[in-house]
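Peer 1: For reference, the chains in residue letters:
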Amino acid sequence: MPQPRLIGRINWIGLWTLTAKEVHRFLKVATQTIAAPVVTTLLFYAIFALALGGASRQAAGVPFLEFLAPGLIMMAMAQNAFANTSSSLMIAKIQGNIVDVLMPPLAPAELAAGYIAGGVVRGIIVGTVTWAAIRIFVPVDPIHPAFVLFHGLAASMMLSLLGAIGGIWSEKFDHIAAVTNFVVTPLSFLSGTFYSLDRLPESWHFVAHLNPFFYMIDGFRYGFIGASDGTLGTGILVLVLTNAALLALLLRMLGTGYKLKA
Amino acid sequence: MTAVARPPGAARPVRRYGAVNWLGLATLIRREFRAYLKDWRETVVAPTFSALLYVAVFAVASGEVKGETGVAAWAGPGGLLPFLAPGLVVAVVIQRAAEATVYNITFLKVERLVGDILMPPLAAWEVAAGYALAGTASGLVTGLPCLAVLLLATGTAVADPLLLGLVLLLGAFLLAAAGAVVGLWAEKWDQAAAFFGFLLIPVTFLSGVFAPVGLLPGPLAALVTLNPVYYAIDAARIAFGGTGAEAVGRSLAVLGVSGAAAWACAALLIARGWRLKA
Numbered sequence: 001m002p003q004p005r006l007i008g009r010i011n012w013i014g015l016w017t018l019t020a021k022e023v024h025r026f027l028k029v030a031t032q033t034i035a036a037p038v039v040t041t042l043l044f045y046a047i048f049a050l051a052l053g054g055a056s057r058q059a060a061g062v063p064f065l066e067f068l069a070p071g072l073i074m075m076a077m078a079q080n081a082f083a084n085t086s087s088s089l090m091i092a093k094i095q096g097n098i099v100d101v102l103m104p105p106l107a108p109a110e111l112a113a114g115y116i117a118g119g120v121v122r123g124i125i126v127g128t129v130t131w132a133a134i135r136i137f138v139p140v141d142p143i144h145p146a147f148v149l150f151h152g153l154a155a156s157m158m159l160s161l162l163g164a165i166g167g168i169w170s171e172k173f174d175h176i177a178a179v180t181n182f183v184v185t186p187l188s189f190l191s192g193t194f195y196s197l198d199r200l201p202e203s204w205h206f207v208a209h210l211n212p213f214f215y216m217i218d219g220f221r222y223g224f225i226g227a228s229d230g231t232l233g234t235g236i237l238v239l240v241l242t243n244a245a246l247l248a249l250l251l252r253m254l255g256t257g258y259k260l261k262a
Numbered sequence: 001m002t003a004v005a006r007p008p009g010a011a012r013p014v015r016r017y018g019a020v021n022w023l024g025l026a027t028l029i030r031r032e033f034r035a036y037l038k039d040w041r042e043t044v045v046a047p048t049f050s051a052l053l054y055v056a057v058f059a060v061a062s063g064e065v066k067g068e069t070g071v072a073a074w075a076g077p078g079g080l081l082p083f084l085a086p087g088l089v090v091a092v093v094i095q096r097a098a099e100a101t102v103y104n105i106t107f108l109k110v111e112r113l114v115g116d117i118l119m120p121p122l123a124a125w126e127v128a129a130g131y132a133l134a135g136t137a138s139g140l141v142t143g144l145p146c147l148a149v150l151l152l153a154t155g156t157a158v159a160d161p162l163l164l165g166l167v168l169l170l171g172a173f174l175l176a177a178a179g180a181v182v183g184l185w186a187e188k189w190d191q192a193a194a195f196f197g198f199l200l201i202p203v204t205f206l207s208g209v210f211a212p213v214g215l216l217p218g219p220l221a222a223l224v225t226l227n228p229v230y231y232a233i234d235a236a237r238i239a240f241g242g243t244g245a246e247a248v249g250r251s252l253a254v255l256g257v258s259g260a261a262a263w264a265c266a267a268l269l270i271a272r273g274w275r276l277k278a
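First to last, the sequence lines map onto chains L and W. Per the numbering used here, residue 1 is the first one in the first sequence, and the count goes up by one each step. Per the numbering used here, residue 1 is the first one in the second sequence, and the count goes up by one each step.
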């Protein structure tokens, strides 16, 4: 007679299986999930270089193209981390195969970890490929790798969390598309990806500082160019606290089965 | 076809069509256009909003928000924002026109509903025309609010509304008809999406939406001038009172001829049942 499998404090096999499933899901359509965002990001880079990148043009004390690169890489990472978790949960809910992840012996924290890992891996792959492609044209290398690493991970995690929360909350594709179009895209476009803060009128500086996306781009860019618009310490604090708050919310949603279990 | 009293047992009269099945064509257009409008938040509001985002980002990044000038010296005395409006309107209109037909046809194929368009008494060229015209209407219905918002945001006016209307109409028809060909080609959603991510959007954005084609490196600029979208953007900029690089008549001719060619191509493929009939 088969004996029940003993699971320790953490269901490592289950967690690994969910993570692998999440990663295979996007790798299977890598043209859409990696190549397409990289091409779009390079296109933005080319357009801004063409329109605003006059030879002598500077932003934050470095050539405009070196300023722009980290912002665009971060934007691509963030948008793709969000897209990964939100689409995975959304599609699973619509197609009804969400039971495949709700039935196995996985605790809320393990479910959250598996989904976040999928989003973070996609963010990092997209970011790394974009960086490698930009690197062909413009020399941009990390000078403070710890900042690059921390902000890259914190931002991918934050957007994975937002995507998971959005995916659980949405009942139709329209809902999640609205979150993407009207929240995530504007916040990332208007966060300092394309300009340094001194380009904004004074009265807008305060508003810019309310956008968590500002801190992740600012700190990430500091890792590449050594100059920052904000206070780096505050930025790290904002990212850690935002991540903690979003994680608590996601765990609560998964724990209570909000919009997941009827 | 009004019901006519006929003697019991007599055969139902065969419905006669003229050269064109107008009722069927209108029904197809209405159906496709309604499918587009049903998602108006995604198909009308979202593209208008993202066009505004581009304007905002360029306004700040160029320094024009703070009154700085000369960053985009090529844009002339009016600054960068008036330069952006015509290109963005054309980009939105043609992209929406193409999405309407590409995604509607891909949907039919993926959901195995192709019978809906193959069974009715519509000739292949009527089906192609139905999709192309519905896509044209879809592109324009998004283009109008987008145009209004962009005019307000960039403080520009349209110098020649008739020309702009003609450019948008021909541009939308071209991409809607070309979209029908892409929809026939695509067998999966990925392929439909790849057309936009790897072809239409890069080509459009490099065709003078954000900066003149002349700023591109020589060979690339020469390549870009081979694509009809470039002519649409160039002519639209002239309609806005800006300067263009091409003669308006030539641009309109390029758009008209390539639109007709795309429609003929779609009709031919539908007639042959390419990727539609097993």
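Honestly, the hints are just simulated from the structure, not real lab data. Backbone N, C-alpha and C define an ideal beta-carbon position, used for all residues, glycine too. Hints may contain errors.
[Said to hold, decoys possible] Mimicking BS3-like on lysine-lysine, the simulated pairs with C-alpha atoms at most 25 Å apart in a straight line are: (1) L:172 - W:109; (2) W:188 - W:277; (3) L:172 - W:277; (4) L:28 - W:109; (5) W:188 - L:172; (6) W:188 - L:28; (7) L:93 - W:38; (8) W:277 - L:93; (9) W:188 - L:93; (10) L:21 - W:188.
[Unchecked claim] Negatives, chain W to chain L, calculated, CB over 10 Å: (11) 26; (12) 114; (13) 198.
[Stated by the list, open to error] Listed next, the stretches of chain W that the computed footprint assigns to chain L, with coverage defined by at least 3 CB atoms under 8 Å from CB atoms of chain L: (14) 160 to 167; (15) 235 to 241.
Peer 1: So which of those numbered hints doesn't the model satisfy?
Peer 2: 3, 8, 13, 14 and 15
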